[in-house]
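Novice: Residues per chain are reported as follows:
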Amino acid sequence: MALGILQIANQPTMSGSILLSTLRQLATGFGMTVAIFVFTLLFSMPLGLGLCNVRMSRRWFFSWPARLYISVMRGTPLMLQILMIFFGPYYLFKMSLSDAYRFPAVIIAFSLNYAAYFAEIYRAGIESIPIGQYEAANVLGYSKLQTFFKIILPQVVKRTLPPVTNEIITLTKDTSLAFAIACTEMFTTAKQLASAQRSMVPYIAAAVFYYIFNFVVAFVMERCEKKLSYYR
Amino acid sequence: MNNFEKSASIFEVHHLSKRFGDLEVLKDISVTINKGEIVSIIGPSGSGKSTFLRCATLLETMEHGTMKYQGEVVCEEKDGQGAVYAPPRILRKLRSLFGLVFQNFNLFPHWTVLKNVTDAPISVQGRSKEEVLADARQLLKRMGLDTKEDAYPCQLSGGQQQRVSIARALISKPVILFFDEPTSALDPELTGEILKVIKDLAAAHMTMVIVTHEIEFARHVSDRVIFMADGVIVEQGPPEEVIGNPKQPRTQAFLRKLSHQN
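Just so you know, the protein sequences line up as chains A and B, in that order. Under my numbering, think of the first position of the first sequence as 1, with each following residue one higher. Under my numbering, think of the first position of the second sequence as 1, with each following residue one higher.
Hints listed in this document are in silico derivations from the structure and should not be mistaken for laboratory results. Among the hints, a few may not be true.
[To be verified] Within a straight-line C-alpha distance of at most 27 Å, the following computed DSSO-like cross-link-like pairs (lysine-lysine) qualify:
(1) Lys-150(A) x Lys-68(B)
(2) Lys-144(A) x Lys-68(B)
(3) Lys-93(B) x Lys-115(B)
(4) Lys-141(B) x Lys-144(A)
(5) Lys-115(B) x Lys-227(A)
(6) Lys-148(B) x Lys-226(A)
Excised from the complex, chain A in its bound form (with noise of 0.2 Å):
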């Protein structure tokens, strides 16, 4: 793998320390790219969980809000989203911003878009539970929260394992967004080096990192899929 980008990089053009400090400056900015990846993950699911609960809330003044907070967050772009975050303290309330508030609202801004397609992903997950599930849990004497943890959401997760690995690698590229406000992950070491070198090594360096990492992805939830077909 590592050979195939040192055949590509074999040009005349370029030598081996340069490849090597370009593989070296992206594998940092990969760090950052993991980095808001994990964040994102462990902040979106527990609160599209959360949104998708107020969302399927029969009182419209919980629905509502839900349903239009998801319409947005899914109509408008993610990168008008950071940006909007990062810049609207400023705009806002004239606060001052500061470098380190760039991770941060990359986090947020992701974290909160993500949530809005785990919930609608959840909610499909969940009505697709046969009603019986429910009656036969209500005769045997679980309360709702026990029915939810106990019997439901694990036949949810089970549903919803293919449709959550298609956001699970579109984020994975979603991170490249990030570069909107030079947030130095991946996708922006990539387009630095490529300008300063005149090159498309770094990008096509780039290109194979991202793949192999979604390559790892969609293994490890192929294989929790296998995990979880003992039952239909």
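Could you slot chain B onto chain A? The hints should help.
Specialist: Structure of chain B alone, referenced to chain A:
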């Protein structure tokens, strides 16, 4: 009040009425089930027999009427308010008095047979794990499922799944067991094994209410047959009367139609 010994009635409901929107599905139903009694409810689809079972098992709330298990009030008719239910704390306790076997089994697919049977008594009723496991193994053996405790529901036949669900209903030692068309989702060959289980329970004097389309089975197993149509009890009595020699034209018409089909 809780004079279990004196009151022979396990379950009673008086003047039950239930509507879905404009449709009145149950009209002024009164039924008393005594200890050890086996009652079959027959009738055409849409007659309200399943809704009756769902009201009795608290899956539906009724608009009017009074309902009691062993003399303990589930809900009581109050002037101007209709049926007023006991607080949730009481209802949770009363739930352990009855069991319900569903038409579609409704086992939990992600749990093994053993977990399906044992989880509720352990995590809902708080019984000791050892005791529940011992009870469950005994019950599964009685159901002919002793080799299946580690199987998942999807690995079982419909008849086996239904037997697991009967074990799941029995483990909390209910005083009454309701069956909602327990054989309707099964192939004819598998129907027999469920009917045999119910017969065995009858022999052990389990109090049971069975909604069924198996008229011949109802005739053999029950002490009393209730014929329902259009939300009312048209006729009830011993099977030899209601099925063997029905008095009401509506019952006669229903049974005639059934015998033509067979």
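Novice: Next step is simple, just say for each hint if it's right about the structure.
Specialist: Evaluated hints:
For the proposed pair Lys-150(A) and Lys-68(B), the alpha carbon gap of about 30 Å is over 27 Å, so the pair is violated. A threshold of 27 Å between alpha carbons decides the hint, and for Lys-144(A) with Lys-68(B) the separation of about 24 Å falls inside it, so the pair holds. For the hint pairing Lys-93(B) with Lys-115(B), the CA-to-CA distance comes to about 22 Å; that is within 27 Å, so the pair holds. For the hint pairing Lys-141(B) with Lys-144(A), the CA-to-CA distance comes to about 32 Å; that exceeds 27 Å, so the pair is violated.
Restraint check for Lys-115(B) and Lys-227(A): the C-alpha separation of about 19 Å stays at or below 27 Å, so the hint holds. A distance of roughly 23 Å separates the Cα atoms of Lys-148(B) and Lys-226(A); the hinted pair therefore holds under the 27 Å criterion.
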